[in-house]
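Novice: Work out the full structure: start from the sequences and follow the hints.
2 protein chains.
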Amino acid sequence: MKKLINKPEEVVKEELQGIELAHPDLVKVFYDPDFIVRVDAPVKGKVGIISGGGSGHEPMHGGFVGKGMLDAACPGAVFTSPTPDQMLAATKAVDGGAGVLHIVKNYTGDVMNFEMAADLAKEEGLEVEAVVIDDDVAVKDSLYTAGRRGVGLTVLVEKICGAAAEEGRSLKEVADLARKVNSLGRTMGMALTSCTVPHAGKPTFDLPEDEMEIGIGIHGEPGRKRMKLQSADEVVEMLMDPIISDIPYKSGDEVLLFVNGMGGTPLIELYVLYRKAVEVAEKHGIKVVRNLIGPYITSLEMAGTSITMLKMDADLIKLWDAPVLTAGMRKGI
Amino acid sequence: MKKLINKPEEVVKEELQGIELAHPDLVKVFYDPDFIVRVDAPVKGKVGIISGGGSGHEPMHGGFVGKGMLDAACPGAVFTSPTPDQMLAATKAVDGGAGVLHIVKNYTGDVMNFEMAADLAKEEGLEVEAVVIDDDVAVKDSLYTAGRRGVGLTVLVEKICGAAAEEGRSLKEVADLARKVNSLGRTMGMALTSCTVPHAGKPTFDLPEDEMEIGIGIHGEPGRKRMKLQSADEVVEMLMDPIISDIPYKSGDEVLLFVNGMGGTPLIELYVLYRKAVEVAEKHGIKVVRNLIGPYITSLEMAGTSITMLKMDADLIKLWDAPVLTAGMRKGI
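Residue numbers (my numbering), protein chains in the order written: chain X, 231 to 563; chain V, 231 to 563.
The set of hints was computed from the structure by calculation and includes no laboratory data.
Treat the hints with care, as some may be off.
Intra- or inter-copy, both count: the list cannot distinguish identical chains.
To be verified - Only pairs whose alpha carbons sit at most 25 Å apart, straight line, appear in this in silico DSS-like list of lysine-lysine:
#	residue 1	residue 2
1	Lys480	Lys548
2	Lys513	Lys402
3	Lys480	Lys237
4	Lys513	Lys237
5	Lys513	Lys243
6	Lys232	Lys402
7	Lys258	Lys274
Specialist: Below you can see the structure in the form of structure tokens.
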């Protein structure tokens, strides 16, 4: 296993120490239980927004804590759900009196633990709503998941809901917005190589030198099919067609197109993919009005990509364009 | 070879098409000769700043074109110098009447071609200065290089000089500033794995499963030594010690610490490295006052890191903190 780490069991703790040293202007880091909160939390009168999940998907979620996005993130061990005590402590830390929204990717452990945390928080008198993100069109059920998996769209939900909370919208409004974004966005991913979880010490799966996997999950969960390597343009078509036909998106729609790197994918390749993805969208009469290109939700060092489309309207565009100040995404500040 | 590309010979052109589609608000892209200029170029009365070099190091340089950083970037084929006609066309495109600075990484081909372009531009009556960046302490001479290689510090030179040009400083002042930054910054890198150049189709070098290379260049050029894998903390010490003893940095110095990912390195690992790098700096009495953490100057999908230290003063801090609006680096706008 080739990794720039010390002991596998110390990776997340040492990452948090690095984040704490690097970004004291943006976040505070708490340990045992581990969570990251924005430096000025709780923001009085603002809905607090929390997400979390297994580590190994950086910059998501810890890199998205800050003004205009998340109020807190709860990192679990690599590819392992955080625990209810992390989520409860984070919920209390960001409650500014307007309630707290939990943005939860649809994995069985995450959903269960966030539910327990919400119940505990409510017992203590806090107002909590949870929205589950399940945007992955690749498979219906999967390892770790009943129903569709929550993947790339989560980044967009966090940005858009973060802007809405910053505007002063209510907990119900922000939660409804998260559900709306979840209903309008779809994602599909693929991998050229596996990643290696530090404490496992060997690749999660084997993928021969001449094969790729279409529809894979962000933890290396099985996708739709394995096949011989194809060109970038063919890969884009294999990802875009199931996305477009799912909602379905239709001619005249305006979308945000998000081409994500899985961690080990050179940026040069993401732009090659983006070029083709725009072409495919336009062939369907779909207009790309905003974009995001880069490694925002990763699977450690996996080589591969995911494509997310989100149907936009004037409100979503305004919220997407709003200022954000985090380590992983920044504009206007 | 596992890559998300179409034909190897089309990679750079298709990447440029992707950039053109993705960022029309930031840049204009020209073809044959290929170069990227900021959308409002030439900016009247402002020193124009150009860099360039082989592709495969994204986001450098094309991702750094925009307000507050570069006016143009000239991308060569992967790991291959751009040609003088690209540099000449870019120089003319960004000349706003205050002269043009060429920021050149110290590789024989880049230096020669930028010199030719500067000569041609001067023949046409343009005012051009060139500054060669050579910050890599690993080796004295190398494949492709006489003297030290230009590596991570280039990103910082581009940001700082971009801010100075935006402030209205003269060509001589901006060029002197580039030389000053070059004199105050040092870098060293290492790799866990090789990268694969698309048209080569196989890894640039072989590195056994239990070995790493210390002091490697951004094209996979040989470094100082190969050795058995070590912990992240040991790697940081092996990179920091030659950097600190080179200038030498001394107790009381204030520095910017840049922990760079080589392309295939998970962000979680970069924070683990940053944590230790701060500790090593502090052990020497050196205070880290600014930082940059992420994949900014890459070697395709190589797994590895480089660490750059730049001694700061009040002027450099002000310029580092100034607004920048590019695809690859953004703040304050």
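Novice: Work down the list of hints and note, for each, if the structure agrees.
Specialist: Hint by hint, here is what the structure shows:
1. In this assembly of identical chains, lysine 480 and lysine 548 lie within 25 Å of each other by CA distance solely inside one copy; the values are 22 Å within and 49 Å between copies.
2. Within a single copy, lysine 513 and lysine 402 get their C-alpha atoms no closer than 37 Å, and across copies no closer than 50 Å, so neither meets the 25 Å cut-off.
3. For the identical chains of this complex, lysine 480 and lysine 237 are neighbours neither inside a copy (50 Å) nor across copies (31 Å), given an alpha-carbon limit of 25 Å.
4. In the homo-oligomer, the alpha carbons of lysine 513 and lysine 237 lie at most 25 Å apart only across protomers (22 Å), although the nearest pairing inside one protomer, at 50 Å, exceeds that limit.
5. With identical chains, the CA atoms of lysine 513 and lysine 243 are at most 25 Å apart between copies only, with a shortest distance of 21 Å across copies and 47 Å within one.
6. In the homo-oligomer, the alpha carbons of lysine 232 and lysine 402 never lie at most 25 Å apart, since the shortest distance is 46 Å inside one protomer and 46 Å across protomers.
7. Within a single copy, lysine 258 and lysine 274 get their C-alpha atoms as close as 17 Å, which meets the 25 Å cut-off; across copies the closest is 43 Å, which misses it.
Hint violations for this structure: numbers 2, 3 and 6, all remaining hints satisfied.
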